[in-house]
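Line by line, the protein sequences give chains A and B.
Position 174, counted from 1, in the first sequence is what this note's numbering calls 174; the numbers after and before it change by one each time, with no gaps.
Position 171, counted from 1, in the second sequence is what this note's numbering calls 171; the numbers after and before it change by one each time, with no gaps.
There may be inaccurate statements among the hints.
As the list claims (entries may be wrong) - Looking from chain B toward chain A, a few residues come up when the C-beta cut is under 10 Å (computed):
#, residue
1, L182
2, V192
3, D196
4, D202
5, G205
6, L309
7, F312
Said to hold, decoys possible - Rough simulated footprint, nothing fancy, chain B against chain A, three-plus residues with beta-carbon under 8 Å:
#, stretch
8, 72-85
9, 105-112
10, 124-130
Hints in this document: simulated from the structure, not taken from any laboratory.
No residue lacks a Cβ here, since even glycine has one placed at the ideal position from N, Cα and C.
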Amino acid sequence: MDRKKGDGGTSVNILETKRLFHDFKGLKVLFDVNLQVEEGERHAIIGPNGAGKTTLFNVITGTYTPSDGAIIFKNRDITGAGPYEILRHGIGRSFQITNTFRDMTTFQNIRLAVLSKKGIRFNIFHKIDKMREIKEETDRILKWIGLYEERDIHAGKLSYGKQRSLEIGLALSTDPELVMLDEPTAGMSKDETHDAVEKIKRLTEGKTVVVIEHDMDVVFSLADRITVLHHGTILATGSPREIRENQRVKDAYLGAMED
Amino acid sequence: MNRKVKWGLLGAGFVFLALYPHVFGIYFSNFFITFAIVALFAVSYNLLLGYTGLLSFGHAIFFGAGGYGTALALEHIKGLPLIPALLIGIFSAAFLALILCPIVARVKDAAFAMLHLAFNYIMYVMVLKLRNITGGEDGIAGYNIPSLSIPGIVCFDMTNPVSFFYFAVVILGLGIWLAWFLTKTPFGQIIVGIRDNDMRVDYMGFRVVPTKAVVYIFSAAFAGLAGSMSALFQNMIAAEGSVDIAHAFQPILATIVGGASSFFGPIAGAGIFAILEELTSRFTERVELVNGIVLIVVIMYFPSGFIGLVRFIRKKMLSKWIEKRAMEELP
Chain A
1 MDRKKGDGGT
11 SVNILETKRL
21 FHDFKGLKVL
31 FDVNLQVEEG
41 ERHAIIGPNG
51 AGKTTLFNVI
61 TGTYTPSDGA
71 IIFKNRDITG
81 AGPYEILRHG
91 IGRSFQITNT
101 FRDMTTFQNI
111 RLAVLSKKGI
121 RFNIFHKIDK
131 MREIKEETDR
141 ILKWIGLYEE
151 RDIHAGKLSY
161 GKQRSLEIGL
171 ALSTDPELVM
181 LDEPTAGMSK
191 DETHDAVEKI
201 KRLTEGKTVV
211 VIEHDMDVVF
221 SLADRITVLH
231 HGTILATGSP
241 REIRENQRVK
251 DAYLGAMED
Chain B
1 MNRKVKWGLL
11 GAGFVFLALY
21 PHVFGIYFSN
31 FFITFAIVAL
41 FAVSYNLLLG
51 YTGLLSFGHA
61 IFFGAGGYGT
71 ALALEHIKGL
81 PLIPALLIGI
91 FSAAFLALIL
101 CPIVARVKDA
111 AFAMLHLAFN
121 YIMYVMVLKL
131 RNITGGEDGI
141 AGYNIPSLSI
151 PGIVCFDMTN
161 PVSFFYFAVV
171 ILGLGIWLAW
181 FLTKTPFGQI
191 IVGIRDNDMR
201 VDYMGFRVVP
211 TKAVVYIFSA
221 AFAGLAGSMS
231 ALFQNMIAAE
241 GSVDIAHAFQ
251 PILATIVGGA
261 SSFFGPIAGA
271 GIFAILEELT
281 SRFTERVELV
291 NGIVLIVVIM
301 YFPSGFIGLV
311 RFIRKKMLSK
321 WIEKRAMEEL
331 P
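Construct all of the structure, not just a fragment, from the sequences and the given hints.
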């Protein structure tokens with residue numbers, strides 16, 4: 001997939017953070033982060049543990065309000081919006097630690113996302129089982145994410161790999177323009193990881209993706225561009241090749257890993 | 001269960017209830033109404049506990065609001081018809097919930113439970129102390145129970161126990177059906193999502209606090225209906241049996257013993273306690289002692305309640321049946 005990279009002028013930033021700061025009671029976790037995500041790209045965020053990757057996700061998706069700075073999505077300032085507003089703006093996210101509805105079936109899990117997508121929130125006049133469109137759409141998504149066979153199994157009873165699929169599926173079912181995946185392959189074996197990466201590629205076709213990932217093979221096979229986060233600040237942004245050859249990145253992070 | 005069986009059962013239930021007062025007499029008709037009031041109260045409670053995952057130790061405030069709302073309206077408004085009196089009870093409870101929901105919809109777990117214990121106690125003391133309004137410990141009694149009349153067509157005398165039985169069964173049945181319907185709607189699914197994982201519900205584009213507030217108000221309205229029916233049925237309302245702490249625990253007992261995981265669990269629980277209390281009160285006044293023991297046994301041995309037990313047995317029987325079939329089919 002060839003595209004213009006990193007020269008700002010010709011491509012459109014769908015998501016941008018401007019001088020983003022965040023601290024927890026004096027502990028600086030994010031420090032002057034200026035992330036730029038172009039429309040349609042797959043953008044990986046890498047960095048050692050504690051670099052602030054998940055915090056960056058949490059600040060962007062509304063878990064926390066940043067201490068300072070702005071978050072711009074599609075030219076709109078979404079700084080300080082709550083998680084539900086962020087989703088309605090068109091940003092979906094998945095979680096590093098599986099965060100599904102464990103006591104509901106896979107079908108019911110996805111159905112909630114479908115309700116959200118259709119904007120059905122306070123409907124108390126129709127039986128949900130009689131809403132054909134909702135059921136068909138849910139089944140379609142279940143087939144699409146490869147969980148149709150498991151539709152009547154409770155999410156908490158799925159195998160780990162399937163739970164991860166459901167986790168990503170929940171983020172994608174609301175049909176967001178920007179998908180933020182927090183370590184989608186966390187805890188997977190080599191084979192599972194390979195399958196998961198192929199799946200993510202297939203499912204996010206045509207969408208903008210921001211992904212946190214530790215596995216460098218995954219990062220280099222998935223990402224169009226990479227941002228390296230280190231001690232809460234951006235060390236470098238660029239194509240996989242640029243990042244691989246960047247001396248500062250090598251010193252801080254990659255070198256240690258490839259030895 | 002297929003459609004025919006469902007309609008058949010519904011029809012049988014209808015016939016049973018139609019004949020009930022004539023077969024079992026006034027005493028057991030009143031027994032049934034008492035049970036149905038507790039059942040609706042418990043069902044309203046389970047909208048919070050079983051469906052939304054909110055444990056409340058003070059659901060009696062809404063029962064009391066409904067009961068006192070109807071009783072006070074009937075006492076002070078001359079010629080108030082029956083249905084408006086009922087609606088006043090329901091709206092009193094819903095209004096109380098509307099006042100409380102900005103606070104309580106933002107909390108959960110222990111905070112939700114303890115806040116309600118406090119609210120319940122405040123209401124109990126207020127009912128006792130505001131004597132000139134509530135009649136204090138004596139409560140309000142002897143107000144006129146209006147007839148159910150559609151002018152020019154029919155008029156049912158509600159002081160006639162048989163007429164009242166039919167009225168109560170229809171209204172309480174309607175209340176339970178509405179609550180059941182609510183759980184089957186998209187909204188009913190979203191509250192289950194909140195019970196399961198409220199944080200993810202937020203990330204999926206639903207507003208958690210308003211959703212909880214709405215289910216809270218509905219739950220209160222149904223509890224208010226139960227309280228209002230109680231006031232009409234007893235022709236009196238007092239602090240004891242409406243807003244006291246023991247009464248706040250009645251729906252909790254029924255829900256846990258019946259099974260919170262099913263819509264019909266609380267109804268089963270209400271039935272179990274109705275029968276149990278009827279039987280134990282013939283031998284001893286210490287009804288609560290027996291109720292408490294039953295609760296402990298259920299929590300220790302069948303934590304999913306009566307419905308859970310039924311499901312377990314059904315599953316066992318089903319798997320046995322499948323095994324048998326498999327054996328027979330072997331060549």
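Structure-based check of each hint:
1. L182: 6 Å, holds
2. V192: 7 Å, holds
3. D196: Holds, because the Cβ-Cβ distance from D196 (chain B) to chain A comes to roughly 4 Å (cut-off 10 Å).
4. D202: At about 4 Å, which falls below the 10 Å cut-off, the nearest Cβ of chain A leaves the hint on D202 (chain B) intact, so it holds.
5. G205: Status holds, d = 4 Å.
6. L309: 19 Å, violated
7. F312: 17 Å, violated
8. 72-85: Coverage by chain B holds here, the residue count being 3 at a Cβ distance below 8 Å.
9. 105-112: Coverage by chain B holds for the stretch 105-112 of chain A (3 residues, Cβ < 8 Å).
10. 124-130: holds (count 6)
When the structure is compared with the earlier hints, violations turn up for hints 6 and 7 and for no others.
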